[in-house]
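Chemist: Using the hints, position chains B and C with the ligands against chain A.
Chains as they are written, first to last, in the UniProt record's numbering: chain A, 1 to 220; chain B, 1 to 263; chain C, 1 to 219.
These are computed hints drawn from the structure, not numbers from a lab. Because the structure is a prediction, the values reported are computed rather than measured. Mixed in with the good hints, there may be bad ones.
Stated by the list, open to error - Estimated spans, in silico, between C-beta atoms of each pair:
no., chain 1, residue 1, chain 2, residue 2, range
1, A, A6, C, E55, 24 to 30 Å
2, A, L124, C, A52, 50 to 56 Å
3, B, A157, A, H130, 38 to 44 Å
4, B, E150, A, H130, 21 to 27 Å
5, B, K153, A, A150, 40 to 46 Å
We put the beta carbon where it would ideally sit given N, CA and C, even for glycine.
Each chain, written out:
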Amino acid sequence: MSFDFAFALKIVPRVLEGIGNTLVVAILSFMGASALGFLWEIARRSNRHVRPVMQFVVDAIRSTPVLAQLYFLFYVLPYYGVVLPALVVGVFGLSFYYSGYLSEVFKAGIDLVPRGQGEAAQSLGLSRIHTVIFVIAPQMLRNVAAPLGAYSVSILKATPYLAVLAVPEMLGSAFDVASETYRYAEPMFVAGILFLCLALIAVTLVNWLERYLGVTTPPH
Amino acid sequence: MTSNPTDEQAGMGSIQTVRGGTAVSIENVSKWYGNFQVLRDVNLHVATGERIVVCGPSGSGKSTLIRCVNQLEKHQRGRIVVNGTELRPGTKGLPAIRREVGMVFQQFNLFPHLNVIDNCTLALVRARKLARNAAEAVAMENLTRVRIPEQAKKFPAQLSGGQQQRVAIARALCMKPKIMLFDEPTSALDPEMIKEVLDVMTRLADEGMTMICVTHEMGFAREVADRVIFMDGGEIVEQANPAEFFSNPVQVRTRQFLSQLLH
Amino acid sequence: MTFLQILLGIYEGFGITAIVTVLGLLYAIPFALLAGILQHFSTGAARWVVTATIEFWRSSPVIVLLYAFYYSLPAFGINLSAISVGAMVLGLNIGGYGSQSVRAALQTLNRGQREAGLALGLSRIEVLRFVELPQAIAAMTPTFINQAIQLIKGTSLVSLLTLTDMTFRAKEIAQLSYNPVGVYSGLLVAYLIICYPVTIFGRRLERSAAKGRGASHEF
Ligand SMILES: Nc1ncnc2c1ncn2[C@@H]1O[C@H](COP(=O)(O)OP(=O)(O)O)[C@@H](O)[C@H]1O
Ligand SMILES: [Mg+2]
Chain A
1 MSFDFAFALK
11 IVPRVLEGIG
21 NTLVVAILSF
31 MGASALGFLW
41 EIARRSNRHV
51 RPVMQFVVDA
61 IRSTPVLAQL
71 YFLFYVLPYY
81 GVVLPALVVG
91 VFGLSFYYSG
101 YLSEVFKAGI
111 DLVPRGQGEA
121 AQSLGLSRIH
131 TVIFVIAPQM
141 LRNVAAPLGA
151 YSVSILKATP
161 YLAVLAVPEM
171 LGSAFDVASE
181 TYRYAEPMFV
191 AGILFLCLAL
201 IAVTLVNWLE
211 RYLGVTTPPH
Chain B
1 MTSNPTDEQA
11 GMGSIQTVRG
21 GTAVSIENVS
31 KWYGNFQVLR
41 DVNLHVATGE
51 RIVVCGPSGS
61 GKSTLIRCVN
71 QLEKHQRGRI
81 VVNGTELRPG
91 TKGLPAIRRE
101 VGMVFQQFNL
111 FPHLNVIDNC
121 TLALVRARKL
131 ARNAAEAVAM
141 ENLTRVRIPE
151 QAKKFPAQLS
161 GGQQQRVAIA
171 RALCMKPKIM
181 LFDEPTSALD
191 PEMIKEVLDV
201 MTRLADEGMT
211 MICVTHEMGF
221 AREVADRVIF
231 MDGGEIVEQA
241 NPAEFFSNPV
251 QVRTRQFLSQ
261 LLH
Chain C
1 MTFLQILLGI
11 YEGFGITAIV
21 TVLGLLYAIP
31 FALLAGILQH
41 FSTGAARWVV
51 TATIEFWRSS
61 PVIVLLYAFY
71 YSLPAFGINL
81 SAISVGAMVL
91 GLNIGGYGSQ
101 SVRAALQTLN
111 RGQREAGLAL
121 GLSRIEVLRF
131 VELPQAIAAM
141 TPTFINQAIQ
151 LIKGTSLVSL
161 LTLTDMTFRA
171 KEIAQLSYNP
181 VGVYSGLLVA
191 YLIICYPVTI
201 FGRRLERSAA
211 KGRGASHEF
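Only chain A is shown next, with the shape it has when bound in the complex (with noise of 0.2 Å):
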């Protein structure tokens, strides 16, 4: 079976259907990701019984790939009787994923932050919560513009992992067409250009962002 070229650009507004679902995905996870994460580095530096801890459920995420937490959201959640539509757990799967690198993320925008400006809140009696949402959080925000910047083209990438919960996403919407027509080779063909053009786009958005916002990756 050869390459059928015709064939392949009347199936691309068939695929796209799916981009609505990539981009919600992607979002969500991202949103997620990043309250997640910001939590474990919270939590991490609250108190030096709980930090080896948090340190080793984040390199814990770190290591096990996004594949096998898919999995194990999909089938472990029903076994204990929590039915969720299979978005809903793809959206929980990548913001637990991605959560692992953005609280590194959120560890180094804190550790640019310089020391005195918490000494200095907290001798003003700030509390620590306050601390950090009135001291040091805003100072952070600069430092994990950039690279927050580059896990969310990270994230996007990652959305079609949910296709193989049969979740109806860009490339999902791909695997349909070819089974419904038998033809594997132009859907993923088509899938693949797709999911270049979007990522490229969202690759040059969020540079502009930064330009725009005048945020940079910070010198280490």
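Modeler: Leaving out everything else, chains B and C with the ligands in the frame of chain A:
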């Protein structure tokens, strides 16, 4: 103009060169960075065995000038002849020419991933194709010459600034260069380490090495230089032997510079 | 089935996981070095070609690349085994990331290093080989370790091409006995045993590289 080549000092293959041949000649050399002219029609002839000190305010083109001599910077107009070979854009065999010209940098530029002796032998082994043993013998000889043989197995980061700069000098000497270029070799050093480096340079001068030194160490210039060159705004403003240069500078700019330096 | 039996069952797929990892590295390392060095040195059209190649391999989602190459290549008359496609795609993807570390490491080297090498009479190539690359490679080792972990984890994708790696074994075992908790936590543990030591090793290296960069906040 007092020092003679001395033979009695230990551990040095003394360089018995006859003064009078031309080591470096720089004729009508100009260079631009974009529209900015760094070198303006510079002329300088350095005789074999001559010791030149170049001074001048920051940004006057001193570094650029000596970096043209080993073509780390390319000049755009004029002629530069080093050891009888003219350096043109695209000159073949530049590495071979550079092996005859040692350079010492302000920031030392030792290779941090190599220990002291490997810093010294790298170019001998890779470029001169010397056997490892022979190269190490040369390296030890030159480390002795800069009085630091006991540090041979240490890494640059473990040495003081003065020691690092002496290693850098030894590294350059290993190639048995005919000419040595120094670009502010003591400017990055703490005061107490300046002397140990200047001592090594003085000994080198006594051995008859042809040297072009960019430095603001006026004591060194007085003691060692045959000629002091003053640069400003990319040109050579004045040159004279040290006695004359310091006691009787002709140009206003030179006087201003010297009065700032001495006060 | 006990947990240990499950774990051993999963490790029956270790061979494929290991083979794909090793073959992947054989693609990744040369590609990273070559592309990174070429990108650092080339200019004009050549640089554009190098950059486009790198961006293709690292900007596309790896799972999509895998399917696209696996299913499309035969339609263009190129028949490769699933192992070959998997190793190539995973390797070049990681190599694309690696090339950026190589280039960054070369760029951040002090230019005095290059000048000192040239001033000693080394050729440009010799300076690259004996002065710049050793330092660049040392500087990027922690990053490289992290990328190697990404590759090991990425090999789980070849289960989708029906290769019997660890992930595929887990799915097989899951079909034999209804014990999703045991099987899939077994799968996580199986990867953790392999990758966790490497993660810790990479963290050590990173920390020793960052030593003296100041103390950290505690709340
Ligand atoms: N690569 C470069 N690009 C543009 N300008 C340069 C460059 N290198 C040096 N310059 C400029 O050339 C002038 C002379 O520099 P330099 O030779 O280093 O002076 P000096 O060593 O006397 O302090 C300075 O004004 C400097 O800013
Ligand atoms: Mg200078």
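Chemist: Should the hint that A6 (chain A) and E55 (chain C) are 24 to 30 Å apart at their CB atoms be regarded as holding?
Modeler: holds (28 Å)
Chemist: Given a hint of 40 to 46 Å, does the C-beta separation of K153 (chain B) and A150 (chain A) actually sit inside it?
Modeler: holds (42 Å)
Chemist: Quick check on a hinted range of 50 to 56 Å for L124 (chain A) and A52 (chain C), using CB atoms only.
Modeler: Check passed, 54 Å falls within 50 to 56 Å.
Chemist: For E150 (chain B) and H130 (chain A), compare the CB-CB distance with the range 21 to 27 Å and indicate the outcome.
Modeler: violated (57 Å)
Chemist: Taking the CB of A157 (chain B) and the CB of H130 (chain A), does the distance hold inside 38 to 44 Å?
Modeler: At roughly 42 Å between Cβ atoms, H130 (chain A) and A157 (chain B) fall inside 38 to 44 Å, so the hint holds.
Violated hint for the displayed structure: number 4, the only one.
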